[in-house]
Structures are given as structure tokens and as C-alpha cells.
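Participant: Since each chain comes alone in its own frame, lean on the hints to assemble the complex.
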Amino acid sequence: MLDLFPSREAGPFGRRLKRERGARIPVTVVTGFLGAGKTTLIRRFLASAEGQGTAVIVNEFGAVGIDDALIRGAAEQTILLGNGCLCCITRTDLQLALRALVIDRERGVVPNFARVVIETSGLADPGPILQTFSTDRALGGEFHIDVMLTVIDAVNGEATLKSAAEARKQVILADSLIVSKSDLAAAAALDSLRRRLQQLNPRGGIDIAVGGALEPARFIAPATAERSGFVAEAEHSDGISSFVLERQQPVVWPAFSRAMETLIALRGGDLLRVKGILNVAGCRGPVVVQYVQHLAHPPVELQSWPDQNRDSRLVFVTRNLREAEIRDLFAAVEALAKDSA
Amino acid sequence: MLTKDESPLTKGYQPVVWNFKLLAHDMLGGFGGMGEGMSVQMAPDGRRIIWLAHESAPKNFTAVDVSDPRKPKVVCQTDLPHANMRSNSLETTGNLMAVAYQTSKKDLKPAGFELFDISKPENPKSISFFDCSGPHSRGVHQLWFCDGEFVHCASGSRDFVPTNPNDDQFYRCVDVRNPSKPVEIGRWWMPGTRQGDNVMPPPRHPIDKGYRAHNTNVYPQHGDRCYLAYIDGGMFVLDISDKANPKKISQWTNSPPYTGFMHTVVPLFDRGLMLVTDESTENNAKDWPKLIWILDARDETNLVPIATCPMPDHRVYAQAGRFGAHNIHENVPLPTAWQSDQIVLGTFFNGGLRAYDISNPYQPKEVGIFMPPAPAGAPTGTIQINDVFVDERAIVYAVDRHVGGLYILEMDF
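Quick mapping for you: the protein sequence lines, in order, are chains F and D.
Just so you know, the first sequence maps onto residues -12 to 328 in the working numbering.
Just so you know, the second sequence maps onto residues 170 to 582 in the working numbering.
Extracted from the complex, chain D is given alone in its bound form (with noise of 0.2 Å):
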């Protein structure tokens, strides 16, 4: 174990940027906590903008013109009608963005997710709010939208009633062909987590943070499946080849022994693998390890984890904030996103910025790292970087939870 004089944060944390250029960095005028939301638009007028959903309130989403990604701008930032809930995920699709709330307890509105016409991004219009409020729901904490017809996200329902509180959010999927008037079309919990389901509630992981959905990954490549996270549960591959009738294909977990909170799959298709992160939510890495898994998906009904993404040592961060994996650059299907079945880039709170090269899976490498000093003003005396999305220029967005902002980066690799 290092001791304290050892370790690089309480040495003042000293920043680490290897392979990474930083090109600008905007604090977002103060409200620089940032959630995991992060979709690029090709405005009308031709501009370029970032549009990034708030890690809690006062605001709701910002909008950033990134045209030049050296001089970023600020061009609308827009605040939540009360405290008591956030709108952490957001996806746009050409002029429509979906935008998610979730409340801090249970009956509070509004939770569901809106729809904003975004074709003026100074003055983002509201088409539509989907309703998804209940006395056991709060609502949505991620959505999926990249067809410009159906959001897929992680959200509770008045007619869902859990067997645990923590298991209140589930998959749906809901048809926004009309944007005016959304329709859900169909939904899969799993099995147990509902009241009248015909099995046992699962088992309570020691760090109990639900059995419920998380990220709701559906890529064109392969329309028929849904990719799902579901936190304590491990992840589940879905066939929504009938969009009303979801079917398991296959799960994996690796809890226990590992602490739960599964949080994205990513398919790479053309190899044959996958991508699966979990979260870290414990300050002081109480919940380690928290890791990139590399998944051997050639056969998506057994699927082998064959690697994970290789951590520096974690009794270096285990002292402030939060450290482990978080989100990962997504492969969204659009013409906006940068795709790469050979680079992952990943979030690590207070362990900053990653890019391993997965070239050989059995044996990522660690090839870039961007730990930028702690922002002014961080709760946690470090920098908590939360989420990360590579527009198709390969330029690199991350944002930090608490404070920072935004941070734009070329790859040096």
C-alpha cells in the first residue's frame, strides 16, 4: 500500500496527459457538472454543436457550438423546473433530441423524457413529453435515439410495480414516428423484478443498487437486438426483431463476486466482441474493481469475457471522489460519431480520461490518458471525468461530473 506521501493525489494530484492534446475547455459558465448525455448535431446553418445533459439540476441541457473545437461556445443553456430531478441522458437525431428526467423520488414530476425541435439551437422548441411518472417510478435515467423513430431507455411506469424499490426502472421502447404524440410499443423486465412475476426477486447484491436498466444500445447494424445494461443484473442481449415482444437471448454478469452496477454493452460486429462497463458509484473506490470488459460475443448466446481493460493501481486513487470505469465511447450510429472496433475510450472519474487499443483483445493496452488537474471549485479535490463522446472528426469530448465542464481533445496515438 502507498502510503500518503506516495500517492500522486495527495502529492496534489498531479495531472497526467499522455497521447491526449487538449484543445480548449469551457467550465459551461459555472455549470460544468455533467451528466452522461453527449450528441453531436449538424445545425441547419451548418454549425457544429455538442449537446450535453446535466449531471443534476438547476440546468436541464447546454448546448455548445464546437464548429471550431479550439474556441467553443456556449450557445444556449437551459435550467430544470425544480431541483428534485435531473436529466442526465439526451441523444439528437438530424433536428430532434430526446431528453431525459428522472426525479429524486418516487411520484415526482415531471419524469419521462421530452422531445425538442433543435433546428435553432439558441432556441430549443418542445414537441412532446412523454409521461412516465408513477407512485414507484422516477422516471427515465437513459435513453437511446438514433434512428429518428424509437427511443429505447431505462424508465419506470404508473403500471410498474417493483418487488424491490431499487428495481423500479426497466427497459421500454417507445415509437416517436410522430413526434408529437410518443407511443410505447413494447418493454422487458427481468424477470422477478416485478410484482406477479412468476419467479423469485433476485438475490440483494452487499452494495444494492438495483436490478435495473441501464443503457438501452440498439444499432442498425444488427436492428433486431437491444443491448442492455440492467446494473445489478449483469447485461442481457434482446431480440426486439418484435418490437412488442421482447425476448432474452442471453445474460452475463460477473456479480457477485464483483459489486454489480453493469452499465453499457457495445457490440463491435465486424469481430465479434463486445464491450461491457460497469460503474463506479462509491467515493474512494469502496466498490474496486469497476472495469472495461472485453467480451467474446462470436456466439451472442454465450458469451466468454476474454480481457479487461488494464487499471493503474487503485490504491493510488482510492482517496477522493470516485474511481473506476464508467461510460465509454458508444459507436452511436450516426454520421456525427466516430467509429472504432479497434480504440476504447473510457471514463474513470478521478482516473481521468482513458484509450486502450484493443487491436488483440486478449490483451488491451493502455495507449492515451487525460487526467487534467482538479477544477476550481471540486468537491472532491480531483477531477471526476464522467462521460466521453468522439465526434467523426476523432475529436474527443469528456465532461466532469461536478465542475469542470467540458474538455476537447485530439488523439495523439
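Next up, chain F with everything else stripped away, as it sits in the complex (with noise of 0.2 Å):
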């Protein structure tokens, strides 16, 4: 297509966009343990100003609908998906529901929503839930995750994340923590959570819920790539640890795909979630770029910088995949490169 009717205005990889989701319908997932106030936190958003025209989609393992019924009122829309976990069987669900809210907003017959709210049954892995809008083409095209917040009970969240890895997960690949019910909680249990949460996953920023309510920019911020507080690495339970490679030269794009084309290869399915905001030699913008186990997003060149910083960054969370051999890999891939030029 571009080889046909190319335009000067385009960069390699399409139109450049203001921001990561360009015209795409903002996503936000709501993961968090069962009984960890995700449908409060929901409702309260769905009753600011930046709440409205929310359509929310409810997963809940078990077949009456609490929270569905509980939300159902305050959004544009509500979807349930009974009888369940989104991460498993009805992932099929998430993708038809997705698709009619789009139908049905095209032919006018559900009000123009500017957002959707998913809200996770307890037990997901948030995994697939990412890939579900890689794998999706049609989804991908309408649908971007600009957030995925975990919310964790202030009361009995440290005890959650010992005993259930899918709590552990849903706090590592979360780009937002929020802490609930901590007026519940004293202030040194609070404090050892806060730790935890850190250690878990310490690029995403934790925030309080007062009295089940978040800041509504909170709940609706794109996450970045480049969190502040990231630490060099960071090893979890399960064999999970996270960890971001930056570096100051423009990154040449046929060797870094090449690197990562073989990543994916060979260990797709240990790449929990990698997302990176690049410089690549020859663009005028960052590229962004993310990747959910085998598949990636494809890479999107923003307008502008965010900031003075013209680093890239590309933040890996791993499994059983030490920063060390990736490095390596994109070393000895980027010498082979240069070689072959």
C-alpha cells in the first residue's frame, strides 16, 4: 500500500500518532483478588465527570452476577460474562462482547462510549487478557490497553499474594497497584504491603483507594514504558523478574527485530509482557513498541518525545529469563548485524 501511494508524511511503520492508542478505543482492566473492592472502585469511577460514557464488561466466576448487577445503572453499557474466568474459557466471550459494543455503537443503537472498563474475575491470569488484543485483529484495530490496575486489599492482600500465585502475577504485570481498604489496615501491616508490592513489581506505582475511590486520572492515565522507580532488576516468586534495557545509540529496527524475533522463538512463551519506547535510527519520533509472549503489537511512531530523554527503554518482565541472556542475545544479534553491513 505505502509502496503505491507513499506519502512524505508517513514514518516506516504508518501515520505518526499523538499518542500510543491514536484513535483506538481506551481500554482499562481491573485485575485484583476476589473480595479486593474492584467493583467499588469501579462504580465510584463510573460516578465521576471522567467516568461518563464508560462501557464496562464484568467477568465473574460463578453464574449470578453480583457485580454486574451492582454496576449495571451507572455505565453507558454493562456486558456480563458469566460462568467463567476471562483468562481461560471466555476469552472467546471478551472478544465477541468487544465486537457487538462496537456494532451496536456504529448502528446507533447503544450510546457513543468513549471508554470501556473491564473488570476481571478474581482468579484471571491477565496474560491472555493482554493477548487477546494482539491476537485479535479486529480487536486490536478498535480496543488499545492504555492501564491495567491490580487492586489489592490492604486487610488481607500480603496473605493473598503468599498463598495464590495468580495474585502475584495480576500485581506483576500490572502498570498500576491500588491498595484498598486501608483504613482497615495499620499502618504497619500497610507499610509491609507496600514493600511487597514493590518488590513484586517495582515499576508500577501504587495508589490508595480512600473509602473504595481512586483519583479519577488514575484510573484512565496511559501507562508508559518508562515508570519512574525502576530498578535494574528485580526477581520475584515464580520465577518471574522484571528488569529494562535502555540504551543511548538509535536503535537499528531489522537487528532489534531480528533479536527479538528470536526471543520469541525460542522463549515466547517466558516473555510475560515486554513494552519499550524506542529510538530508532532513521524515525523522528519514539517507537513504541510491546510484546505479550509470541505475539507483538505492531509498533507504533509517535508525533513527539515526551520528554528531553531520547533513551530507549524496553521494560522486559520474564519468566525463568535472566536479564543477562537477553542482553547478550541483542549484543551478539546487533555484532552480527553490523557484520553483515
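Think of the hints as simulated: they come from the structure by calculation, not from any bench.
Any given hint could be a false lead.
[Said to hold, decoys possible] Lysine to aspartate or glutamate pairs mimicking EDC-like chemistry, simulated, CA-CA at most 20 Å apart:
| hint | chain 1 | residue 1 | chain 2 | residue 2 |
| --- | --- | --- | --- | --- |
| 1 | D | K534 | F | E37 |
| 2 | F | K5 | F | E129 |
| 3 | D | K190 | D | E561 |
| 4 | D | K274 | D | D300 |
| 5 | D | K294 | D | D234 |
| 6 | D | K240 | D | E579 |
| 7 | D | K534 | F | D91 |
| 8 | D | K275 | D | D328 |
| 9 | F | K5 | D | E561 |
| 10 | D | K534 | F | E7 |
| 11 | D | K412 | D | D316 |
| 12 | D | K534 | F | E129 |
| 13 | D | K190 | F | D91 |
| 14 | D | K190 | F | E37 |
| 15 | F | K5 | D | E535 |
| 16 | D | K240 | D | D195 |
| 17 | D | K534 | F | E288 |
| 18 | F | K5 | F | E288 |
| 19 | F | K5 | D | D581 |
Facilitator: Quick look at the structure:
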């Protein structure tokens, strides 16, 4: 297409976008263990000015849709995906629900919603939900996950994190962590929980929900690849670790993409989430890349850099895959590419 | 078919703002019925002024200081000499402005265009008037003036007797290098529309809007071409390398089976593409579908339509006022105009302002909607967004046809 109708205005990755999501519908995914306070948080958001025009998709594990009943009335459109966990048996339901929302909006039979909030069941593994938006071309073209929030109960949170691998994964993969019920927890317990959350996910900011409510802007602020406070490497339980690769020299795209292809081919299953902002040689703006296991989102070139920093930053959340191994792979591929050039 | 209860219009016409941010709205002192002339001037004192043509009398044109797009300020608003005329179109180049005058009936005056010195925006001074009146003429409906040298316009003239009264306006090129003495240097009309032509007059369309010129765009990238929309005659590419003798290179029309009224042609030179719009002129979408067409123009002698910009279900909108395509941002070749061959911004009356990503021209994708609530006093009970202009800062200006005045927006995609 670009060959037939080339444009000097477009970059190698197509039209340069003002922000990563372009014109797609923003999605907020809310995860959190059973009883953590997800529904309350969503209800409070829907009641705020920022929450107007939000469609909500509720996924419940169980036959009776209690959360759906609590939310209905506040949202523009509520869809209940019952009887299963979003991450496994009902992923198709999520796809169908989101597609139906877009079609109904086009037909004018549902109001023009501006955002979708997905409340996952407490047991959901967020990985497959992230994957859904990469695998389904129709969904990836219409929707973009702006932010994934994980809600942690201040009273029971630490115990839950100890006992439930799903809860740990929810925390590790989150863009932002919300501590609920803080008024019911002792100060020492809250501090201890904070420390544990920071260990698990040093890049995710921690917010305290007061009375079940969160500053609405935090609910919808798009996650950025370069979260502040990121530490060099964090070793988590379950063999999961996270680290950031940074480089000052512009990235040569063919070498970078070859390295990522190799990594995906060999260890795709262990790339839980990779997100980065790259200074690609030949591009005017930064290029945002995202990978979830074996899947790569189409790279997006932004119109401008968010700040003065022009370094490339790539955040990895991996399982049984160490930073040194990935650094070595990138170095080897780059050296080979340079030699061949 | 949606029932009335299901239609967003009858539900109170829910406004939709999607990926646009409204910075300001100005009702222009209660005279917010705006036409299709929008042009941005950088005044000698550094202010940024947008000049706006009115849809109908009593106002002629309005100038708004938009240096701060969040705080627009009307600095000038002028009156027409009488109610049986309108100044639907205008353009500025530097400190010169050309304003089109069209009368409601033939043989009225003033019919033609007027040139103004706008170096002091509060006090535009008339330089000259180019008379286009005549027993068969309503004067000038639209004009194009971007180089400070030539006005290209859709105009009648005293010596032009059309074969059908609806076909009175044709393409005229007027030399204004001496702005105090404009001189016509060339003209072209569709063969068969002037008495004495040696071909038969063209067949009339069921909704007869006339075989006459509308937009007359000329761009410096290809200064020897005029991209001429010709209402019921479709559109033409003219060779104007000899301005005294324009020659047809090609014609493309969608009507029949469509319902005529081709309005604007915008070439996207780098990409070998062309945007062509229809205008919806009938209330309740009776002339549906009115569309923005994308043409493969790599060979200008063989224009091939490859897509149209997708529109929402017209049944939802067919119940109040006009609904369908009209104007688009035309990449006016001036430093104060935004240039894009990736994004198309178009106005759709009660469908509001819509933006399309045409990076893949075979699959244009809607990326933004601005459909504000009906302004107070709107005769159709809905918004009727009429025209759009984008300045080089990417600030978007849209106007309502009846009462709503000026909306200033930011693109958010």
C-alpha cells in the first residue's frame, strides 16, 4: 500500500500518532483477587465526570452476576460474561462482547461510549487478556489497553499474595497498583504490604484508594513504558523477574526486530510482557513496541518525544529468563547485523 | 430501520465528541450562520486572524482573533448591502482578501467579488470590485485565491447565456496582480451548458442542481492544473498552463446513479490520490448518499474511485436537517494552513465534523467525531457543521451553517 501511494508524512511504521493508542478506544483492565474491592472502585469511577461514557464488561466466576448488578445503571453499557474466568474459557466471550459493542455503536443502538472498563474475575491471569488484544486483529484495531490496574486489599492482600500465584502475577504484570481498604488495616501492615508490592512490581506506581475511590485520572492515565522508580532488576517469586534495557545509541530496527524474533521463537512463552519506547534510527518520533509472549503489537511511531530523554527503554517481565541472557542475545545479533552490513 | 425511540436524534440528539478536544466556542455575536469561506491571516501586528464568510445576509464576513485558540475574540463583523445576496466564500493571501458575492436572483447587484486590504483587521478597506452581474448571472459562489496573483472562481458573467438557468456559473480566472484593476484572463465551461455550444446540453438529474462550477482549486505543486468540481457534471482536471485557454484533461462523475452536486476536489500530489466530495443539499438525507470519495489519481487521465470514507447509519440522521458530506480541509497552499495527506477532515452537517485516517486509502478509517449539541435557536434542532479549516498549528476550526458560529478544536489522535 505504502509502495503504491507513498506519503512523505508517514514514517516506516505508518502514520505518526499523537499517542500510542492513536484513535482506538481506550481500555482500562481492572484485576485483583476476590473481594479486593474492584467493583467499588469501578462504581466510584463511573460516578465521576471522567467516568461518563464508559462501557463496562464484567467477568464473574460463578453463575450469579452480583458485580454486574452493582454496576448496571452507572455505566453506559454493561455486559456480563458469566460462568467462567476471562483468562481461560470465556476469552471468546470477551472478543464477542467487545466486537458487539463496536457494531452496536456504529448502528447507533448503544450510546457513543468513549472508554471500556473490563473487570476481570478475581482468579484471572491478566496475561491472556493482554494477548486477546494482540491476537484479534479486529479488537487490536479498535481497542487499546491504556492501563491495567490491580487492586490489592490492605487487610488480606499480603496473605493472598503469599498463598495465590494468580494474585502475584496480577501484581507483577500491572501498570498500576491500587491498595484498597487501607482504613481497615494497621499502619505497620500497610507498610509491609507496600514493601511487598514494590518487590513484586517496582515499576508500578502504588495508589491508596480512600473509601473505595481513586483519583479518576489515575484510573484512565495511560501507562507509559518508562515508569519512574524502575530498578535495575527485580527477582520475583515463581521465577518471574523484571528488568529494563536502556541504550543511548539509536536502535537499528532490522537488528532489533531480528533479536526479538529470535527471543520469541526460542522463549516466547516466558516473555510475560515487554513494553518499550525506542529511539529508532531514521524515525522522527519515539517508537512504542509491545510484546506479550509470542505476540507482537504493531510498532507505533509517535509524533514527538514525551520529554528530553532520547534513550531507548525496554521493560521486560520474564519467567526463568535473565537479563544477562537477553542482553547477550541483543549484543550478538547487533554485532552480526553490523558485520553483514 | 431504527424507530424514532431508537434514534440518537430523537433521543435529544446526543452530542458525540470522539478524539477531538473542544477549546472554545464562539456564537459570533448572534450571527453564527456561517458559509464555506475560512482563511487564516497572520496580521502585520502578529495576531492570528481567521476570516469567516457568512452563509446568508445580513452579515458579510467576520474576523476573529484566534492567537489564543482558547480565547477567540471577534475583531470585525461587516454587513452586506442588502438581503438578496450572500458572501458564501472568501480567501486571504497575506494582507489581501477576496470575498465572493452571489445574489439570490439573476441580474441583481452587487454580484462578483471584492478585494480588501486587511492589514488592519479591524478596518478592512475595499480595493476593488470585480463585477460579474448580468441578466443570466448570480455572480460568484466560490473563489480560490492563494498566490496573490489570480482569483479562480465559480462565476456567471454578463456575456454568458446558459442553456439551462441552473447552469449559470462556470470557471473563470481573474488576474489581480494589480488588485485595483482585476482582469479576466481565462474561462472554461462544460460543453453544452452555454447557448451556441456545438454539443447538446447535458441531461438533467432528478434533483437538478445545475451543471456549474463549484470549487476551483489550484496548487503550486502543479500550478498548471485546476481541480474543478462541477456540481451535477462531476469533476474535471483542467490544464491551465495557458490560462487563457483551459483544456479538459479528464472528467469523473458518480452521477447517475448518485445524485450529483460534486463540490470539492483536493489532489494529494505525493500519494497520487485525489479526494472528491459531494454536498448534501436536501433535508432529511433525501439525497443520500453524499460521500467523500478517494480516487487513485496516479494517471490523471484515468481517475479510478477506490474507496469512500465510511459514514454512520444515515437512517439515524435522516430526521433533522441535512446529513452528508460537504467541505473538507483543502490543504490550502499557504503557510497558515495545515497540510496532510494522511488525515481527511470533513463536515457532514448534522453528522458533525469527522476525521478519517487514509494511510491505507483502500480502507479509510474514522478516527474522530465532533458532533456538538444543537446550538440555541438551531432551526433544524441539530448542529449543521458546514465547513472546516485547520491552521498550521493543527488547530481545527469548524462552523455551523445556521446559528452555532465557530468551534475551535484540537485533534486528539
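Participant: All hints are to be evaluated individually against the structure, with a verdict given for each.
Facilitator: To see whether the hints hold, each was checked on the structure:
1. For the proposed pair K534/D and E37/F, the alpha carbon gap of about 26 Å is over 20 Å, so the pair is violated.
2. Using a Cα cut-off of 20 Å, the hinted pair K5/F and E129/F holds, with the two alpha carbons roughly 16 Å apart.
3. Taking the CA atoms of K190/D and E561/D, the gap is about 17 Å. The hint holds against a cut of 20 Å.
4. A distance of roughly 15 Å separates the Cα atoms of K274/D and D300/D; the hinted pair therefore holds under the 20 Å criterion.
5. Between K294/D and D234/D the alpha-carbon distance is near 18 Å, which keeps this suggested pair within the 20 Å criterion.
6. With a C-alpha separation of about 14 Å, the suggested pairing of K240/D with E579/D holds against the 20 Å cut-off.
7. Of the pairs offered as hints, the one joining K534/D and D91/F holds, with about 17 Å between alpha carbons and a cut-off of 20 Å not exceeded.
8. Distance restraint check for K275/D and D328/D: the Cα-Cα separation of roughly 13 Å lies within the 20 Å cut-off, and the hinted pair is therefore satisfied.
9. In summary, the hint linking K5/F to E561/D is supported, as the alpha carbons are separated by about 16 Å, within the 20 Å threshold.
10. Distance restraint check for K534/D and E7/F: the Cα-Cα separation of roughly 17 Å lies within the 20 Å cut-off, and the hinted pair is therefore satisfied.
11. Under the criterion of a C-alpha separation no larger than 20 Å, the hint pairing K412/D with D316/D is consistent with the structure, at around 15 Å.
12. The hinted pair formed by K534/D and E129/F meets the criterion: a straight-line CA distance of about 10 Å does not exceed 20 Å.
13. Of the pairs offered as hints, the one joining K190/D and D91/F is violated, with about 24 Å between alpha carbons and a cut-off of 20 Å exceeded.
14. Taking the CA atoms of K190/D and E37/F, the gap is about 14 Å. The hint holds against a cut of 20 Å.
15. For the hint pairing K5/F with E535/D, the CA-to-CA distance comes to about 16 Å; that is within 20 Å, so the pair holds.
16. Distance hint between K240/D and D195/D is fulfilled; the C-alpha atoms sit about 9 Å from each other, no more than 20 Å.
17. A hinted pair counts as satisfied when its Cα atoms are at most 20 Å apart, and K534/D with E288/F qualifies at roughly 18 Å.
18. Proposed proximity of K5/F and E288/F is supported: the alpha carbons are some 9 Å apart, at most 20 Å.
19. For the hint pairing K5/F with D581/D, the CA-to-CA distance comes to about 7 Å; that is within 20 Å, so the pair holds.
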